[in-house]
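Q: Based on these hints, arrange chain B on the given structure of chain H.
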Amino acid sequence: MAASFAAFATRRGEVTAWLDASGAFDPESMAAAGVDLRRMLWASMKTASASRIARAALAVGPHARHQSAIVKAAELVLEAGGFGLVVVDFGEAPRALTYASSLRIARAAERSGAAVIAIAPWRMCGTFAALSLVASRAETSFSRLAPGSPVMFDGLAVDAMVARNKMGGTGRRVRVRALVDPIAVPADVHPQLDRKESPAPISASS
Amino acid sequence: MARIACIMVADFSIAALVRSNPAFAGMVLAIGKSLAPHAELDAVSPRARELGIRPGMTIAQARAISSELVVTHRSPAAESSAHAALLDAVESVSPVVEPGAPGCAWIDLAGLHRIYSGEEEITAELVRCVRRVGMEPAAGVAANKELAHLAARCGGVRVIEAGREREFLNWLPLDMLSLGKSDRGDDLETTLARWGMRRLGELARLNPDAVGTRLGRRGVELVRLARGGSHAPIVPRRRAEFFAESVELEYGIELLEPLGFVMRAMLERLAERLSMRGLVAGDITLAFGMSGHRSFNRQVAVAASSNDVRAILTLINLSLEGEPPEAAVESIRIEIAPRVQRPAQTDMFLPPAPAPDKLQTTIARLAALCGPGNVGMLSAENSHRPEAMRLDAFAPPPAPPIHENTPAKNVTQLVIRAIRPAREIEVMCSREIPEFVRGENLGARVISIAGPWRRDGEWWLGCTAEANPHTESADRNSAPHRGLELHDGRMFGAHPRQVSAENLKALSSLTPAPSPVPHRNGASSHNEHTGMNGAGKCGFIRDYYELALEDGGVYRVFRDLNSHKWFLDGTYD
Chain H
1 MAASFAAFAT RRGEVTAWLD ASGAFDPESM AAAGVDLRRM LWASMKTASA
51 SRIARAALAV GPHARHQSAI VKAAELVLEA GGFGLVVVDF GEAPRALTYA
101 SSLRIARAAE RSGAAVIAIA PWRMCGTFAA LSLVASRAET SFSRLAPGSP
151 VMFDGLAVDA MVARNKMGGT GRRVRVRALV DPIAVPADVH PQLDRKESPA
201 PISASS
Chain B
1 MARIACIMVA DFSIAALVRS NPAFAGMVLA IGKSLAPHAE LDAVSPRARE
51 LGIRPGMTIA QARAISSELV VTHRSPAAES SAHAALLDAV ESVSPVVEPG
101 APGCAWIDLA GLHRIYSGEE EITAELVRCV RRVGMEPAAG VAANKELAHL
151 AARCGGVRVI EAGREREFLN WLPLDMLSLG KSDRGDDLET TLARWGMRRL
201 GELARLNPDA VGTRLGRRGV ELVRLARGGS HAPIVPRRRA EFFAESVELE
251 YGIELLEPLG FVMRAMLERL AERLSMRGLV AGDITLAFGM SGHRSFNRQV
301 AVAASSNDVR AILTLINLSL EGEPPEAAVE SIRIEIAPRV QRPAQTDMFL
351 PPAPAPDKLQ TTIARLAALC GPGNVGMLSA ENSHRPEAMR LDAFAPPPAP
401 PIHENTPAKN VTQLVIRAIR PAREIEVMCS REIPEFVRGE NLGARVISIA
451 GPWRRDGEWW LGCTAEANPH TESADRNSAP HRGLELHDGR MFGAHPRQVS
501 AENLKALSSL TPAPSPVPHR NGASSHNEHT GMNGAGKCGF IRDYYELALE
551 DGGVYRVFRD LNSHKWFLDG TYD
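Protein chains in written order, with the numbering used here: chain H, 1 to 206; chain B, 1 to 573.
Where hints are given, some of them may not hold.
What the hints assert, rightly or not - Quick list of in silico lysine-lysine cross-link-like pairs, DSBU-like style, CA-CA up to 30 Å:
(1) B:Lys358 with H:Lys46
(2) B:Lys181 with B:Lys358
(3) B:Lys565 with H:Lys46
Said to hold, decoys possible - A few chain H positions that, by computed beta-carbon distances, are all more than 10 Å from chain B:
(4) Arg38
(5) Ala64
(6) Ala69
(7) Ala80
(8) Arg95
(9) Ala96
(10) Thr98
(11) Ala100
(12) Trp122
(13) Thr170
(14) Val180
Please keep in mind that the hints were generated in silico from the structure rather than gathered at the bench.
Idealized CB from N, CA, C, for every residue including glycine.
Isolated chain H, as found in the complex (with noise of 0.2 Å):
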């Protein structure tokens, strides 16, 4: 979703942003999702905690290091100002932001007027998040052509719930469906796909 959220900036001439906290970036397939990667700075803070700045910060700890540095890249990118969207991508296991960071990162996309979006496994900006979607994999798509043929992996579906809204509509779900291919592959292939449910599109402006 998040990659979506890109490509739709980006398609828009939109500069963004993508801080990789775990170097999960694929840009091969980053582009295939249609992200402008021209119009993508990209930092990957993988080694950010050992960095002189990082350990010149008050954080004790490599984890907390970590964590200052992410947010501390945040800053830096939101100051600069003119970036549409930062995707911020906190990793598998992150901690969840403290009151300080979490505000100075909603003041500073305030500020700047871009939009950040936060991967994490659980919600990392507490209160200061204006939406909170909670995305859970809802099916897995494996699939044959015909009996006898290979056996080939389509895609996922995600339900996408609403955890929390500033602007309401709390609770409200969508079903996302991300494919290898969303072009080639025909309809049928997906039997197993609701596609009659979640009315509701989900786009950057949301």
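A: Leaving out everything else, chain B in the frame of chain H:
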């Protein structure tokens, strides 16, 4: 009529020392030929001059006047840097600048009246620029270089209007000129004093031919100078290709932290010089002079040009931490290759973009935070290795015109969360089909499987021919394998999804049988694993699978057929 300005810094050697070490500012300072008590002073600071200390006194005599006197050596490095800074400062006002003696420069004012309202304003701007680089100048404006120099030597700011040169020269004492010696070797100062000459106006009234008869060529030149008749043209200097600051330290520095403290001040001065010229800092060259007459050179690549001193210093520190100097540093020279700031034209109807200078500064700071190789525009490398990536400098192109928004869909392209480097896992197989996966934070039964999709390539790099001809010949014997591979090294078939999992058996029969012994280059499995991750030259051959595990996750894994190990390549979420 030409108008020339002269900018001069009085007591330049003292001013250069104070500029490189601001702690000297306001001190009773003098430069001695040596530090011995009988050594004479070469130059003294304004404060010392106020107290009555003069050049030519011995250090002992000067100390008798003021016990606070600090005597130090002349610093050629500081003087060189200060002179370059002076030229940069005045070049930010006019492009035609001729360097003079250290601490002196001439500037052609032709054409500047279009920018400035008058010569006073130009002179004030010149003085302001020189003050920005840490020196207090005097300025003179006149019709030629010599007159402008004489006007600057009078101190302060002095503009000699056209036609009033004789009026200015008449009252000037003769010792404002460096008189030198006549052709016969006589001291001209003594000779002219014997003639009763005290001022330039008196010299100007003499007949040049008669003076030439008595004093030779130098005498004629002096009369011409005294009449304000020189018309030597300005010879402009070439544009600087790099900006440099040098410092000679009194004591060697062994630790990086105090070294950074010294370099910060140097970088601040360089950033000021660059910003005055409308430039930003590019790549940096460090040259350290170390104890034992050793030297240390280091190139520091700057990911994004910026004048942000903190970011540049962090990059330098990162570089030095990786490989610090081996001995105490006694002199520092920092050279910066200037770059022109990228101009940008914003559009009212397009989304806003970061300002180029702010973007460059941000990238430089991010590079300092994350490491220089971790910031930029990441894209897939044109390589046969799936994990190959390419990092370029981030320079977003102008925004395209916005078309109508495509309606939002709830179908998107699946994006993988890559795991780099691929994490080794353990896969239990039954008849070559994965059944159970175990690894770091992973352990579940396989419930669905797609694949294998074979990817191989780079076998043509052929490191085996030299390393192990025997195994290479064994590979050549497996001709069907070569015949089936796509020669561009990409996946089998037109699309990876067209390769059947049921064809696994057939593929296995065509592929060289995996052997527990070293495969291609005779290297151990550990070395081949290193090669698998991109460092090796012996090619790769992998079978990729998409596995849905019982824990609900969907993973992309591959089996490296060189090392017979399994790796977790990414997750789908």
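Q: All hints, please: hold or fail.
A: We went through each hint and held it up to the structure:
{"no.": "1", "hint": "B:Lys358 with H:Lys46", "verdict": "holds (24 Å)"}
{"no.": "2", "hint": "B:Lys181 with B:Lys358", "verdict": "violated (59 Å)"}
{"no.": "3", "hint": "B:Lys565 with H:Lys46", "verdict": "holds (25 Å)"}
{"no.": "4", "hint": "Arg38", "verdict": "violated (6 Å)"}
{"no.": "5", "hint": "Ala64", "verdict": "holds (15 Å)"}
{"no.": "6", "hint": "Ala69", "verdict": "violated (6 Å)"}
{"no.": "7", "hint": "Ala80", "verdict": "violated (4 Å)"}
{"no.": "8", "hint": "Arg95", "verdict": "holds (17 Å)"}
{"no.": "9", "hint": "Ala96", "verdict": "holds (19 Å)"}
{"no.": "10", "hint": "Thr98", "verdict": "holds (19 Å)"}
{"no.": "11", "hint": "Ala100", "verdict": "holds (19 Å)"}
{"no.": "12", "hint": "Trp122", "verdict": "holds (14 Å)"}
{"no.": "13", "hint": "Thr170", "verdict": "holds (19 Å)"}
{"no.": "14", "hint": "Val180", "verdict": "violated (5 Å)"}
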